[in-house]
Amino acid sequence: MTDAATLLSDPLEEVAPPRGQHGAAAWVVWLARRVGLALLTLWLVSILVFLATAALGDPVRAILGRDYNANPGRVAELEAVLNSDASLVSRYFDWLGGLLQGDLGTSLASGQPVSELISSSVVNSAVLVFLAAVLMIPLSFAIAMISVHYRRRRPDTVIQTILLAMAGLPEFVIGVLLLALFSTTVFHIFPAVTITSPTGHPWDNWKVMVLPTLTLVLWVSPYVSRIVRASLLEVIDSEYVELARLKGIPENVVMRKHALLNAIVPGIQVIALQLAFLAGGVVVVETLFAYPGIGLQLVDAVRNHDVQVVQALSMIIASVYVVVNLIADILSILLTPRARTAISS
Amino acid sequence: MSTEVAPPPPAIAPAEPSTFRKALRQKRFTVGLGITVLLVLFAIFGPLLAPYGENEVTGPPYSDVGFLGTDYLGHDVLTRVMYGGQEILVIAVFGTLLGMVLGIAIGVVAAYGGGWWDEVIMRLNDVVLAFPQILLALLVLTAIEQPTAWVLIALVGISHAPRVARLARGVALGIVSRDFVIAAEALGEKRSRVILAEVLPNMNAPLLAEAGLRLTYSIALVGSLGFLGFSADPGAANWGQMIQENRLGLSTQPWGVIAPVIVIAIFCIGTNLMADGIAQVAQRGDD
Amino acid sequence: MTVTESSPKGGLVVSDLGVDLTGKDIDVVDDIDLVLKPGEVVGLVGESGSGKTTVGTSLLNYSRAGAFISSGKVLLEGRDVLGMEWQEVRKIRGEEIAYVPQDPASALNPAIRIGKQIVELLQLRNIGTSESRLQGARDGLAEVGLPSDDEFLSRYAHQLSGGQVQRVALAMAFLPKPKVLVLDEPTTGLDVTTQAMVLETMAELCRTHGVSALYVTHDLAVVANIADRVAVMYAGQIVELGPRDAMFRNPAHPYTRALLDSIPHLSQARALTGIPGRTPAPGARPSGCRFHDRCAFVVDACKESVPELRPVAAEHDVRCIRAEEIGTWDISRGTVPDADPDRPREVILSVDHLNVFYGSKQVVYDVSFDLAKAEVVALVGESGSGKTTISRSVGGLHKDWTGTITFDGDELSKSARQRDAVNRKRLQYIFQNPYLSLNPRLTIEQIVKRPMELFGIAKGKEATDRVVDLLDQVALGPRMLKYQASRLSGGERQRVAIARALAAEPDVLICDEITSALDVSVQGSIVALLEGLRQQRGISMLFVTHNLALVRSIAARVEILQAGKVVEAGSVVTVMETPREEYTRNLLSKSPRID
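Protein chains in written order, with my numbering: chain G, 1 to 345; chain L, 1001 to 1287; chain P, 2001 to 2595.
So here's chain G without its partners, still in its complex pose (with noise of 0.2 Å):
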C-alpha cells in the first residue's frame, strides 16, 4: 500500500528514517528475537524428537524382535531402564532435563554414557564436514563465476549439462563410483574404508579422507553452483548493472562493486542450505566408507534401536541446522542495507 506508506505530501520534506538514536536497542531487540526463535524451533524439535522415537512404536518390542514373548525377564529389565511405566510427558521431561545439563543418558546396547559414546565421531564428523566445505565453496563459486562469464556460449551450456546431471545424483551414487573408480575396481590408490586404532583419528592417514570428502564435494557443488550462478546472472541483469555500463564504468569494476556485492547474500543462504544438506550426506557416506562419524553411528543406532543414541544424534544433527540459519540469517540481514536500516528505524 503505497497509500499507507507514504503521507507526506512534500517530497521536499521527506526524510529518511532516522538512524543511530534507537539503533543499539533496537539490534538488541532484533536479535534477542531471532535466537529466541531458534531457541523456541530446538524446543519443538525436542519435542519432535522425543515423540519419533518413544512414541511412535515399541522400543522394547523393537529391540528384542521374536525375543519378546519369549523373555520377559528382559523385557521388564529394559521396560525399567526406558521407565516404560512413566507416562510420556513425564519421561520427555526427564530427558529433556537431562539434555540441558548435559546428560545424554545410557545407551541400550552397550550400557555405556551416550556422551562418552559418541564423543569421538562428532569430533571426526565435525572435521570431515568441514573440509568438504572448504573445498565445496570456493569450488562452486569458481565454477559459477566461469560459467557466468561465458554465459549462454559454448562453455557454459556444457558446464551447465554436466552440473545438471550430476545435480540429480544421490551421494551413494558418487561414492560407490569414486570407490571402484579409485579404490577397488579400476586403480587403487585410496582405501575403501576407514580403518583407525581405537586411540588415534581418522586423518592420521590422509589417505582415507580424499575419498569421503570428495563425494560430499561432488555431491553438492553442482547445487550450489547452479544457484550461485541464477543469483548473479540475475543482479548483472538488474537495471542498476545496466545504469552501471551506461554510466561508462568498466566492465570488471561492475563485476565486482556492483554485481558481487549484491550476489553475496544470495550466496550465504545457499551455503547455510548445504551445510545442513552435508549434515545429512555424512549419514549415508559415512556408513559407505566405514568411516567413524555420527553418520555411521547413528544408522548403527537406528538397527540395534538404540534409542538415547539416537536422540541424542539426532539433537545434535538438527541443531547445526538451527544455528547455520541463525548465523545465515543474520549475516545476510547484516550485508543488506535495506533490511539492516528498518531495523535500527
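Be a bit skeptical, because a hint or two may be false.
Where chain P lies over chain G, by a calculated footprint (3+ residues, C-beta under 8 Å) [stated by the list, open to error]:
#1 106-112
#2 244-255
In silico DMTMM-like links for lysine to aspartate or glutamate, alpha-carbon gap of 20 Å or less [claimed, not checked]:
#3 LYS2037(P) to GLU2204(P)
#4 LYS2399(P) to GLU1185(L)
#5 LYS2414(P) to GLU1185(L)
#6 LYS2459(P) to GLU1189(L)
#7 LYS1190(L) to GLU2453(P)
#8 LYS2116(P) to GLU242(G)
#9 LYS2116(P) to GLU239(G)
#10 LYS1027(L) to ASP156(G)
#11 LYS2399(P) to GLU1189(L)
In case anyone wonders, no lab produced these hints; they're calculated from the structure. Where a beta carbon is used, it is the ideal one built from N, C-alpha and C, also for glycine.
Here the structure of chain G is known, so what remains is to put chains L and P in place on it, guided by the hints.
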C-alpha cells in the same frame, strides 16, 4: 465512439500453451522424459523379462556366471536388477505424491490465511525442516521393528512436505496478493473456491517443476534407505539394498554393485532433467 | 532533413538508425533520423511498443539483450558513436552522453551509499582529488536542490523518496558535464508536484550547461511544457517531427491527431476518443504505412509502401502521404459542456466520518462525501492522499475502518464477505492494473460469466449469450470468449474487467485508477466507454485518479484529498475554475497542460 470497430484478429492463439506443451520444446525435458519413461517401463516389465527367478541361485557367490555375474548369494545380478526397481518406483512415486499434496495444502493455507495462521504453520514447518530428510526417516525407523511399504511412503512424503510447503507458500504469496484473488473475495466467493479456482491453477508450472525435483530426491532417499538396510521386504531384490549386500564383493565382482548404481544414476538424471525443463518454463512466467 | 550533418559544437545527429531483434529479420525501430541541436530539448513521444526507449539507449550505443543496432550513425560533433571501439564508447557514456533511467529506484545500486556512488563516477574519470570529489558530489546534489550533508551522502537508495531518487539520478548524469542527455521517462510514477520540480531542475540544468536533451516519454502534456521540438513515434518509426507549437497547433499525421484527441484538458471537459485496435508488436507490424490498419483516413495507396518522412512546413516533417488532404485540426475539437453543477441529485451512496487504519496507523481522517445516481464523483490526490484506501474501504476490500457507509438505505458492513449478496452485487470494484486483476488461467467467458453464476443472474447458454452482449458493449468481439486473459493487451484486459463488473448488473462502480496503467489512446476509449455506460444504464461511479485533467472530462463532482483528509470538494467546474484552497491551486498549476 462511432469509429470504434472490433479490433482485427491478432495473430495469436486464444489460449496459452500448457506448461507441458511448452516444456516439450525444451531439449532437456524431452531427453529427461524419455529416460524416465524407459526406466519406469524397465522397472515395471523387468520381472516379466528377467532370465531367472528373483531368488533363483544360478551359480556360486560373486562368480561371473551369467551376463552380469552373480551376487553374494549366487543370484543372477541382471535378474536382481530387473526385479529391483518396483519397490523403489512405487515408494518414490507415492511418497512424492503424498509430499506434494501435504506440502501444497500446508503452504497455500499458510499463504492465503496469512497473519497468525501463517506464522504458526511456518514455525512448525521450520521444526521439521531442521532434520535432513534421511535423518527424519531414520528417527522414526528406530522404534519400528520392520517397516512396511506404507511406512516408507509416509516417511518419504512427510520428509518432503515441509520443503514443498515452503516453496508452495512462496509461490502462493505472490498470487494471493494479486487483484484477481481480491476481486474474487469481493464477489464473495467461497474460500475453498478461491484457493482451488483462482490460486492453484496459477501455481502449476513451479509446482510441476518441484514435483519433478522431489521425485528425484525420493528415488535418492528410498535408494539410500535401501542402502542403509531399510526396505519393506529384506528378501526381495531392491537396487539400494543390492549395493549394501554386494559391497564386500566390489573388488572381485563389481557388477553386483555397479549395475544397480548405474540404473539409479540414470533414473535420477532422467527425472532431474525433466524437472529442470519444467523449471525453465516456470521461470519464464506467463509469456 | 532540414539540418545538415555537419553539426556544430555540441548536439547530436542521428541518421538512418535501425535496431533489429537478434537472429531474426525483425526491426524494433527503423529509419530514425533525428537532430538534437545544442541546448535544445527534443521530446520523443510514443505509446508502449513504439520503440522510443530503444532509440534512447541507442544514442549511447547500447541495446538490450536480444536486440542489436543494425544500421545508422549517431554523430557527436562529427564522431560516430556507433562506429567506435568499445573503450571509446565507454568513455563517451556518461562523460559526453549521459543517461537518466526510467525507474531510478531500481537503477541505483541498492548496496552502495549514494555519496559513494557519486564519488565513484568522478574517481573513474580521474577527476579531482579524493577531497574535491567529495565536494563535487556535494555540489552536484546542491545543484538539484537536495541536501548535501554527510547524513544524506550516507543514505542508501531505498531511504530516499521517489523525487529525491530521480534528482540524484539527474545529479549523477550532470556531474561529468555531458554534452547530450538522454532521459527515459524520468518522471513516470511521480506525483505532479514532484514531477514539476524534477522537470524544472532538468530544464534549469540544460539551460545553464548548454546541454541538448532527448526526453523520452509517453506523456504529450509533459512534452508540451518542456520540449523545443517534438518527435512522435509509432511502431518503430518517427511519424511526425516538428517544433512544439506547430505539433500541437497543426498536427499533420492522423496518429498524432488521434493521440491528441484522446488527451483530456484541464481547461474544459472533452469527449475523449481512442484509437481502435492495438499497437502492433515488432514482427506483427503491417506493411506499407504502419498505421494504416488503425487509421481513419486510410486509402489503398497507404498499404502499398512505407511513406517517407517529408516536410509539410518549415522544420515540420510527416510520414503520411495524405497529410495535405485530411483537413485541418483544432486543439479544442471534442470539447463538450462541463457537467451541470445544478443538476438535481438523488444520493445512492454516502460515506460519513470515515477513518481508515493500517494496523495502528491512521491513514484517512474523518472523510465524508456522497454519490448520486448516474453521477461520477472523482477522488483526487497524490500518492499518500488516501484516495485508494477510501475506495477500498467502500468496496469492502479493506476492513480496518470506522464511520458509516450507507448504500441505498443499507449500512454496509466492513468487509465484502460480511455484506449480503445483494449489496456485493450492486457495488462493483474495478482495479488499477488489468494485468493483475484478471486470472490469467481462465478464459474471458469464464471470467465474465462468474458473477452471473454467483449472484444467480443467469447460467449456461443464457449466461454465454449475456457474455457476448457485454463484450459487445465494451467493444470486444465474440472471438474473445475462448481467449485466456494472458493473451490480451492491457486495454482489452481493462475492458474485460469492466465487462465482469457489468455482469453483476451493478448500480455503483468503483474505478480505482483504472486508466493509469494504460496508454493515453486506450485511456481515451475507456473513458468514452464509461461515459456511455453512465448515460445509458444510469450507473454511478466513484472514480479514483491522480489526473486532474481526466477529472474534468469524466466527473461531475470532485473531492480533493491530501494526507487522508478532504481539502476541497464540490462540483468539478467550481473547484477547477475557482479553487478556494492553496493546495488545489498548487495542484492545478503544477499539472502539465497542453491547452
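Outcome of the hint check:
By the rule of at least three residues with a Cβ nearer than 8 Å to a Cβ of chain P, the coverage given for the region 106-112 of chain G is violated, with 0 such residues. Here the region 244-255 of chain G counts 8 residues with a CB under 8 Å from a CB of chain P, which clears the bar of 3, and the coverage holds. Between the alpha carbons of LYS2037(P) and GLU2204(P) the distance comes to roughly 17 Å, so the proposed pair stays at or under 20 Å and holds. Pair hint LYS2399(P) plus GLU1185(L) holds up; C-alpha atoms about 12 Å apart against a cutoff of 20 Å.
Straight-line distance between C-alpha atoms of LYS2414(P) and GLU1185(L) comes to about 13 Å, which keeps the hinted pair within the 20 Å bound. Distance hint between LYS2459(P) and GLU1189(L) is fulfilled; the C-alpha atoms sit about 16 Å from each other, no more than 20 Å. This hinted pair checks out: LYS1190(L) and GLU2453(P) have alpha carbons roughly 13 Å apart, not beyond 20 Å. Between LYS2116(P) and GLU242(G), the direct Cα distance comes to roughly 18 Å. Compliance with the 20 Å bound is thereby established for this hinted pair.
Pair hint LYS2116(P) plus GLU239(G) holds up; C-alpha atoms about 18 Å apart against a cutoff of 20 Å. Distance hint between LYS1027(L) and ASP156(G) is fulfilled; the C-alpha atoms sit about 16 Å from each other, no more than 20 Å. Simply put, LYS2399(P) and GLU1189(L) have alpha-carbon atoms about 17 Å apart, close enough for the 20 Å limit, and the pair holds.
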